[in-house]
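Trainee: Protein sequence lines, in the order shown, are assigned to chains A and B. Numbers 1 to 141, taken from my numbering, label the letters of the first sequence in order. Numbers 142 to 282, taken from my numbering, label the letters of the second sequence in order.
FYI, nobody ran anything at the bench for these hints, they're computed from the structure. Treat the hints loosely; a few may be bogus.
[Claimed, not checked] Taking beta-carbon pairs under 10 Å as the criterion, some of the chain B residues facing chain A (in silico):
#	residue
1	153
2	155
3	157
4	183
5	225
6	231
7	246
8	247
9	257
10	273
11	274
All C-beta atoms in this analysis are idealised placements derived from N, C-alpha and C, irrespective of residue type, glycine included.
There are 2 protein chains.
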Amino acid sequence: MYFQISKYLGAIYRKSKIEINQQIQDLGVRATQGDLILFINDNPGLTQKQISKMMVLDASLVGRDIQKLIDNAYVIRHSTVQGYRTNSIFLTDKGVKLAHTLQAIIESWWYNCLSQDKSVDEPALAVQLANLYHNVIDLKP
Amino acid sequence: MYFQISKYLGAIYRKSKIEINQQIQDLGVRATQGDLILFINDNPGLTQKQISKMMVLDASLVGRDIQKLIDNAYVIRHSTVQGYRTNSIFLTDKGVKLAHTLQAIIESWWYNCLSQDKSVDEPALAVQLANLYHNVIDLKP
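Pulled out of the complex, with its shape left as it was, chain A reads as follows (with noise of 0.2 Å):
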């Protein structure tokens, strides 16, 4: 019964991104921002483009949130990557460490969710997740 996935997703997705936001906010970076910085700090180089593609994003509202990310010198785009004209995206060093203390708020809110119950299999999870999430934007891991 495939359609099982979709049950409960939406419900934990709304309910760790408002509580998790919450958190996030008080650094004075917006929702999508945060999880841009965090996507590009997993794929650097990659263009708007691709990642809107690949965070299912729509790419006017990714363009938008990467040029306040450049502004706040979080983000830099080069134009060229050895010698072939590009528009790669890059964190900053202010960038990375942003993307740091995103990922202890984020591990910090599961950590407080999950560690005592043992009926989730967190590493296994994550490969599944990763797994489902790959098929789901059409590219094989």
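Position chain B relative to chain A; hints supplied.
Mentor: Frame of chain A; chain B shown alone:
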């Protein structure tokens, strides 16, 4: 590393919702209304307040969409159940039929996405997501 759980959740949720919602909207049902129909089918007899908490949806949004579902005869509200004053929400026969149609749409989408790939253990993942859900909304299973 608990934060890995958050990593792919948003993109999986957005991608599956965008594509599934297009098909659901072709039936003349809004996305949140479809989610409510499926939830009430699984959890009959709850109050709006309980539904709002368990689905992690804004109470006024839930109230508005349930009223529309009542107007369209998919849902009924019982003000007394077994002699007690309450406001329990149930599906009508028409609502149950719609729930089955929605389940078939979602099933088919995930089947197309996952049936060729053996890296996602769907039954195990569904159990893990159910356990995760019960932790996240602070209701032990």
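Trainee: If a hint holds in the structure, say so; if it doesn't, say that too.
Mentor: Going down the list of hints, with the structure as the test:
1. 153: For residue 153/B, the interface hint holds, since the closest Cβ of chain A sits about 5 Å away, which is under 10 Å.
2. 155: With Cβ-Cβ at 4 Å, under 10 Å, it holds.
3. 157: Given a least distance of 6 Å, the restraint on residue 157/B holds.
4. 183: This interface hint holds because 8 Å falls under the 10 Å limit.
5. 225: violated, 27 Å
6. 231: Not OK, violated: residue 231/B not within 10 Å of chain A, min 19 Å.
7. 246: Result: holds, 9 Å to nearest chain A Cβ.
8. 247: holds, 4 Å
9. 257: holds, 9 Å
10. 273: holds, 5 Å
11. 274: Holds, about 4 Å.
When the structure is compared with the earlier hints, violations turn up for hints 5 and 6 and for no others.
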